[in-house]
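2 protein chains.
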Amino acid sequence: MTPTQLQNVAEAADTIGQLLSQNDLAGASAVLTPLTVPEVVELVDRLGIEDAAIVYRLLTKGRALEVFEALSPGTQGDLVQALRNAEVTTLFAEMDPDDRVWLLDELPASVAPRLLRGLTRQERDLTSGMLGYPQDSIGRRMSPEFVTTHPQLTVAETMARVRGALDSAETVYTLPVTDRGRRVVGVVSLRDLMGATDDALIGDLMNGDPHIAVVSEDAETAARRTTDYGLLALPVVDGEDRLVGILTIDDAARILKQEESEDAARQGGVEPLRRSYLSTPISRLVRSRVVWLLVLAVGATLTVQVLDTFEATLAQMTVLALFVPLLIGTGGNTGNQAATTVTRSLALGEVAPRDVLKVLSREVRTGFCLGLLLGLLGFAIAGLVYEWHVGLVIGLTLVAVCTVAASVGGMMPLAARAIRVDPAVFSNPFITTFVDATGLVIYFLIAKAVLGI
Amino acid sequence: MTPTQLQNVAEAADTIGQLLSQNDLAGASAVLTPLTVPEVVELVDRLGIEDAAIVYRLLTKGRALEVFEALSPGTQGDLVQALRNAEVTTLFAEMDPDDRVWLLDELPASVAPRLLRGLTRQERDLTSGMLGYPQDSIGRRMSPEFVTTHPQLTVAETMARVRGALDSAETVYTLPVTDRGRRVVGVVSLRDLMGATDDALIGDLMNGDPHIAVVSEDAETAARRTTDYGLLALPVVDGEDRLVGILTIDDAARILKQEESEDAARQGGVEPLRRSYLSTPISRLVRSRVVWLLVLAVGATLTVQVLDTFEATLAQMTVLALFVPLLIGTGGNTGNQAATTVTRSLALGEVAPRDVLKVLSREVRTGFCLGLLLGLLGFAIAGLVYEWHVGLVIGLTLVAVCTVAASVGGMMPLAARAIRVDPAVFSNPFITTFVDATGLVIYFLIAKAVLGI
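First to last, the protein sequences are chains Y and U.
Per this note's numbering, the first sequence starts with residue 1, numbered consecutively.
Per this note's numbering, the second sequence starts with residue 1001, numbered consecutively.
Do not rely on the hints blindly, as some may be mistaken.
Claimed, not checked - Distance windows between CB atoms, simulated: (1) Y/G48 <-> U/E1050: 50 to 60 Å; (2) U/V1295 <-> Y/Q305: 48 to 58 Å; (3) U/Q1007 <-> Y/Q18: 54 to 64 Å.
As the list claims (entries may be wrong) - Over the 12 Å line for every Cβ pair with chain U, so calculated as not near, a few chain Y residues: (4) L83; (5) T89; (6) E94; (7) M95; (8) G129; (9) H150; (10) E157; (11) T171; (12) A200; (13) L326; (14) L327; (15) A339; (16) L373; (17) V421; (18) A449.
Claimed, not checked - Below, computed lysine to any residue pairings styled on SDA-like, alpha-carbon distance capped at 20 Å: (19) Y/K358 <-> U/E1011; (20) U/K1257 <-> Y/E350; (21) U/K1257 <-> Y/R224; (22) U/K1448 <-> Y/T318; (23) Y/K358 <-> U/E1050; (24) Y/K358 <-> U/S1283; (25) U/K1358 <-> Y/S21; (26) Y/K358 <-> U/K1061; (27) Y/K358 <-> U/S1021; (28) U/K1061 <-> U/E1094.
Read the hints as simulated data drawn from the structure, not as lab findings.
Quick caveat, the model's predicted, so the values are computed rather than measured.
The C-beta atom is built at its ideal place from N, Cα and C for all residues, glycine as well.
Generate coordinates for the entire structure from the input sequences, incorporating the hints supplied.
Now the structure itself:
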């Protein structure tokens, strides 16, 4: 969509919001009719869920399914809960098995059995099989609808298989090659098949050392591998190397989008939103933030206690109070920087918990360099403006705080990953709060030592 | 790669690092030989650039090209600068035009003419054409090597075209359909072609309302559209709707990976790294952080000045100093939360600068709710522990600070986008620093009013 179209969608959303508040369904329908499917999707992402459900009902049946499939799983979940049972059952039956599992993951557990009962036996088995794999594993995100070929088949025989599966298979552009025991022995691309003679054997054409995922593997890791190597599809195997599914690159991109959104949110101390920002009610925005804000505020009472302990020192030298925000702010920033870099590297698979000592050594050195630089500046400026004793306290504190903050900031994401928590959960605000209290203790200890109070 | 393989790569990297420090090239080569291409890529991402260049030279020629193509553009850039001219010229000639432009974007401008001279006339024209499009536009990231078909051609005729372009085209799975004026009138998938009879006309099979990008469009926006709609390829047209290139989904995923890395880095107040964390020298880590840290520290001297202004008040009531970190910390967190949510929504195209009033209204309300909640708690606790006047000051300050912080945090990313700066640049640390100073002014004004000092 072009910027002009986006502008139109924004205006259409406002108009439809007004029309619906006046119960003018015919008017709303007239606004909807000229919009393309992607435009309707954008529009739904700008409406509250009640309005979105009405818009959905105003669509013709074919368009409704197309729109539904293009919505994010979170929006699908909210929409399903706003629609009637009969509507949902029809919709659910028409979805692909992987999209169905994704949707079920967004719904209360009690809804699943009812929806599954509405499926044909075969569809139900495919879907239930996927639901058996662990949360966040690639088993729940792969597609169980694939076409395979065998090393001893010819290109012509394989092409016939492909033609027979055009309507059902998730992809026909990358085919896993399996042996008699359903074990993956290679992959072959449709492009390779088209470039070969009809009687060429798959065994001679295939890539015999393909990328593969194990069904219990973390979905994000498998998705990242798929996009990193530009694989159109990644075969997924069970514990005995038998093919059980395939992850296509578009599904990989969808997984990564959701993971990136979660990481970005947690890095800022927010719970990820289920739906788009504009369509999320204020009450949900508040809920997505309040828990972390409270946790952090409770953590911050530590700083009150630290300052309370040193109140006598403070009363004696009020000038020390002036630098508190600057010092803890700098500590927090240094910690954030380290945490941000390491969290991203973890997400990209560049570092792992086993690299803990390497990371620690790098962050100690980086933090020390940064602290030295800022500390010299702080010493000079505070020394000139106030007095050189104060300058010395500020300078030394900056060196110590930056070193500690970078080390803690770099270690936290690794510690989180080691105990199997999302590294982004020990988010920047969390580190800031921790570093704040530590920084204050360091500050006052140095002040007492240097100033002899 | 499985976790075991990653473990092996980490160990291999350590071993190779040691062997190279002893100049034992034969030993290093022996460690490299059994590794697969993806393993070598991971290994290179763990080595400093000098070691990486030696490893690269130890690879056989075919493997070297495969490894190079799988490296990130930043690593490619560093590697090219560490290799000899002749090696680079050969490498450059074998790359695809889009990968070549990506690499040139990572190199000093002076290098480009020399490298371009080493290409054949046709390859040079393709590459130079792309270099003519603006920085960050999809024109620099698309592939100019595509196969097209026409509405009046049959399936058999189109298949013949596809077979003729198997080796050169970026993709053969999605074909743009163009008219006589090279204007895009639809797209058709190879899957559709395979399901049709040989004499069917493309005009009857094609999707006549396809997603399209304009060549000057922002690369991230076009890439996001490609993955959001699971398009295997997106046609790119010039100002007169004529086809000039195609963006494949794997290239779209690569663009998004880079953009996400940049956003994550800037959200934490760090300049994005060119290479992986472990392969980046400490001096570069320091450089990636020091500028922002200095800017923020200079910004934070505002807080020293604010506190200096109110020093008399502070000296009179030292208890006020105890809450400074808690209050400004909470303000900073609230601002971060809002900025994080809005920055991500902007990146996903869910909101745009024109939605400024909607966002402001949502953030004022959200911030006020959060402030009210925390304020009541703060009032009760500070009132009980210290005295109720102090509690009132803390409570009122929290309400005001949270409201202001959420509003500022929500507005900043939109303001940045409006003036065409990366919204993530006005990053969380930036907002924290701004909110710190504002929060202190609010705090002391409320304190003076309530306490009558």
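Outcome of the hint check:
no.: 1; hint: Y/G48 <-> U/E1050: 50 to 60 Å; verdict: 58 Å, holds
no.: 2; hint: U/V1295 <-> Y/Q305: 48 to 58 Å; verdict: 32 Å, violated
no.: 3; hint: U/Q1007 <-> Y/Q18: 54 to 64 Å; verdict: 60 Å, holds
no.: 4; hint: L83; verdict: 23 Å, holds
no.: 5; hint: T89; verdict: 25 Å, holds
no.: 6; hint: E94; verdict: 17 Å, holds
no.: 7; hint: M95; verdict: 14 Å, holds
no.: 8; hint: G129; verdict: 23 Å, holds
no.: 9; hint: H150; verdict: 20 Å, holds
no.: 10; hint: E157; verdict: 15 Å, holds
no.: 11; hint: T171; verdict: 9 Å, violated
no.: 12; hint: A200; verdict: 14 Å, holds
no.: 13; hint: L326; verdict: 4 Å, violated
no.: 14; hint: L327; verdict: 9 Å, violated
no.: 15; hint: A339; verdict: 7 Å, violated
no.: 16; hint: L373; verdict: 6 Å, violated
no.: 17; hint: V421; verdict: 18 Å, holds
no.: 18; hint: A449; verdict: 21 Å, holds
no.: 19; hint: Y/K358 <-> U/E1011; verdict: 13 Å, holds
no.: 20; hint: U/K1257 <-> Y/E350; verdict: 13 Å, holds
no.: 21; hint: U/K1257 <-> Y/R224; verdict: 9 Å, holds
no.: 22; hint: U/K1448 <-> Y/T318; verdict: 18 Å, holds
no.: 23; hint: Y/K358 <-> U/E1050; verdict: 19 Å, holds
no.: 24; hint: Y/K358 <-> U/S1283; verdict: 15 Å, holds
no.: 25; hint: U/K1358 <-> Y/S21; verdict: 18 Å, holds
no.: 26; hint: Y/K358 <-> U/K1061; verdict: 32 Å, violated
no.: 27; hint: Y/K358 <-> U/S1021; verdict: 18 Å, holds
no.: 28; hint: U/K1061 <-> U/E1094; verdict: 12 Å, holds
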